[in-house]
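Number of protein chains: 2
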Amino acid sequence: MIDRSDSSDRGRLDAVRRGLREHGAVVAVFGLSSNLRYLTGFTDEPGERALLLLVAAEGEVWMVVPELYVAEVTAHSPPATVLPWADGDDPMRIVRRIADGLRERTGRVLVDDALWAAFLLPLQAAFGGRAFGLTSDVMTSLRACKATDEVAAMRRAGGIADRALESALSEPIVGLTELQLAGRLEAAMLARGANGIAFETLVASGPNGALPHHRAGARTIEPGDVVILDYGCRVDGYCSDITRTVACGPASPRVEAVHDAVLRAHDAAIERAAIGTPAEAVDRAAREVLTAAGYGPNFVHRTGHGVGLDIHESPYIVEGNRKNLQAGMAFSVEPGAYFAEEFGVRIEDVVVVGENGAVSMTMAPRELRRVD
Amino acid sequence: MIDRSDSSDRGRLDAVRRGLREHGAVVAVFGLSSNLRYLTGFTDEPGERALLLLVAAEGEVWMVVPELYVAEVTAHSPPATVLPWADGDDPMRIVRRIADGLRERTGRVLVDDALWAAFLLPLQAAFGGRAFGLTSDVMTSLRACKATDEVAAMRRAGGIADRALESALSEPIVGLTELQLAGRLEAAMLARGANGIAFETLVASGPNGALPHHRAGARTIEPGDVVILDYGCRVDGYCSDITRTVACGPASPRVEAVHDAVLRAHDAAIERAAIGTPAEAVDRAAREVLTAAGYGPNFVHRTGHGVGLDIHESPYIVEGNRKNLQAGMAFSVEPGAYFAEEFGVRIEDVVVVGENGAVSMTMAPRELRRVD
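From first to last, the protein sequence lines are chains S and P.
Take the first sequence: its letters are residues 54 to 425, numbered as in this note's numbering.
Take the second sequence: its letters are residues 54 to 425, numbered as in this note's numbering.
No lab work stands behind these hints: they were computed from the structure.
A portion of the hints provided could be inaccurate.
The list treats identical chains as interchangeable, and a pair is accepted whether it falls inside one copy or across any two copies.
[Unchecked claim] Listed next, the in silico EDC-like pairs over lysine to aspartate or glutamate satisfying Cα-Cα at most 20 Å (straight line):
1. Lys376 <-> Asp62
2. Lys376 <-> Glu125
3. Lys376 <-> Glu333
4. Lys376 <-> Asp190
5. Lys376 <-> Glu408
6. Lys376 <-> Glu253
7. Lys376 <-> Glu324
8. Lys376 <-> Glu75
9. Lys376 <-> Glu113
10. Lys376 <-> Asp67
11. Lys376 <-> Glu275
12. Lys376 <-> Asp313
13. Lys376 <-> Glu101
If we strip away everything but chain S, and leave its shape as in the complex, we get:
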């Protein structure tokens, strides 16, 4: 896709500083999050110890780091002054010193959207009367368009998901619980080089398929079930996300008709995805197909969400999002149709928009597949 002029840590930090100035903010504060990884190469799961990256519009960059993490953080050579604190110290004392040293006496503080309240409340105290906003104002546009190396990681994560499907369906699934099948898929991804799973695997069998957010449970998969598999993994932090629907035994004409309509909606949406197209037009393309087939009311969610270091990020493919798609934007296309207490069908691929249209990161066959 696009090759950014400067996707180095320093180039990205410069972009954050420009964004801060554009948004009337003096400093951005990030926690353990995908933004931190994007800006420094380092992250970890968020926890009770404050690890903060502060980027001042004026130029300085600090990392407030629990002593326990100092060696790992410095191993990533972050372009920042590392300020350690020990178990028992108050990390907000360090933050207050930074806050008091900012030369601009007015101007907002932007904080990571996913920063915990346990850190935001003391940050608000440390920064006195300043107004607070969210770093998404700056980061969304920065992260939405993927650079070549980011797309390469997403493609690897997609390939692993493709191969895990083949592996998981190579043996019968009838008689497994949903959780067992989820475990089989996850183990197959890890064995093929995934760094981790991207989100809790969804296996929704039979009537559970009618609940779009049903996760894997104790239900045993039975002959005749329609089963939705929605899963993905991470490579170098970047996510894959794929959904396929399979039938355990012959599918009824009704299930076949629904699957056919969802697949046509899926293809129509991908066809519509191109540089300059409003995001909502992609949603409409899928919705029109399902509405024409009589399943409009059964498509109860948006068509997709951006994917990258986060499994849900910008751009959202939803009515009302009039922003135009740009080269390098990566998002899911996942129309579905749900029939309460009966079954559900969903087909999903993550695509990246480029000069020649949208390219899928996953290649597993999309047709309704009959399995045992």
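Based on these hints, arrange chain P on the given structure of chain S.
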């Protein structure tokens, strides 16, 4: 362990209301978190859609729920009025209506410690000039003492971790990358009925073992390496957390001496853990053994952390925590010793405090194990 008088959702909500009144607060707001699971049986990974549980000290309970989740939320029969919002609506309009309806015009709002800034900032606007605090003020004491069913889930999660270790070490590990060994451990847990992994598996081989928070990486495990395995899984939401240290081939006398001291520190800490003992005394018991052995400076972290629905929660086993241990408290005991650029040793089990001392949730042999 203890059998709570009322560990039902309603009993727990009553306890939250009492806690709110004790802390001068009028309402608690929870997001998608372990607290939500604790109070309603329902949770999911936090995401960009606001799903909030509001518990008023006055008695009312509301859940603000994205339309997509309504069926699943109501399937858990939460003792709450469910207020749905559709993609495109502003969920904070619902919150403002609740805020405006509270009869007590003063009094704080407590929010989930892990609530995202993206929700906290609009909540602060919705609740006007009220002061904000954290629900941990109320939830910590409520959750720290586990009921019988919670301990049973932790024991199952521990048993799965034990068996996964046997499975993962039944074949040679030399020649695997750290990530491959991590994948083997995770797959073994999932295959044995884990609902998921509890945290990203740590495999720290050779010199990486000297970094207490090193995660699995691309390094290949070599003959002669000392390898730290730190991992766990979830059963019904509850975590296991175990660390074992193994030697690939014969261990040097120095490694054996360090492992012996860490194991004695581990046993001394567990021996000290009892109802009425201050948490810091357990930390000291481990630290004294390692200090006497000459490894005091190499034990660079606290002795442990509480474990339950969260992998890190109260009580923290650290100098300065003078609170007395109570029946049903569950926490890790994980002394270690780290030698920069050489190796590290850590031994960890989660224990639950009861009338007869502390009982371990994991049983895998703690001795230095020689593997291929």
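Quick rundown of the hints versus the structure:
no.: 1; hint: Lys376 <-> Asp62; in the structure: neither (27 Å within a copy, 43 Å between copies)
no.: 2; hint: Lys376 <-> Glu125; in the structure: neither (39 Å within a copy, 32 Å between copies)
no.: 3; hint: Lys376 <-> Glu333; in the structure: within (8 Å within a copy, 55 Å between copies)
no.: 4; hint: Lys376 <-> Asp190; in the structure: within (14 Å within a copy, 42 Å between copies)
no.: 5; hint: Lys376 <-> Glu408; in the structure: within (18 Å within a copy, 62 Å between copies)
no.: 6; hint: Lys376 <-> Glu253; in the structure: neither (30 Å within a copy, 36 Å between copies)
no.: 7; hint: Lys376 <-> Glu324; in the structure: within (18 Å within a copy, 62 Å between copies)
no.: 8; hint: Lys376 <-> Glu75; in the structure: within (19 Å within a copy, 48 Å between copies)
no.: 9; hint: Lys376 <-> Glu113; in the structure: neither (32 Å within a copy, 40 Å between copies)
no.: 10; hint: Lys376 <-> Asp67; in the structure: neither (24 Å within a copy, 46 Å between copies)
no.: 11; hint: Lys376 <-> Glu275; in the structure: neither (44 Å within a copy, 52 Å between copies)
no.: 12; hint: Lys376 <-> Asp313; in the structure: neither (30 Å within a copy, 62 Å between copies)
no.: 13; hint: Lys376 <-> Glu101; in the structure: between (37 Å within a copy, 18 Å between copies)
The structure fails to meet hints 1, 2, 6, 9, 10, 11 and 12 from the earlier list, while all remaining hints are met.
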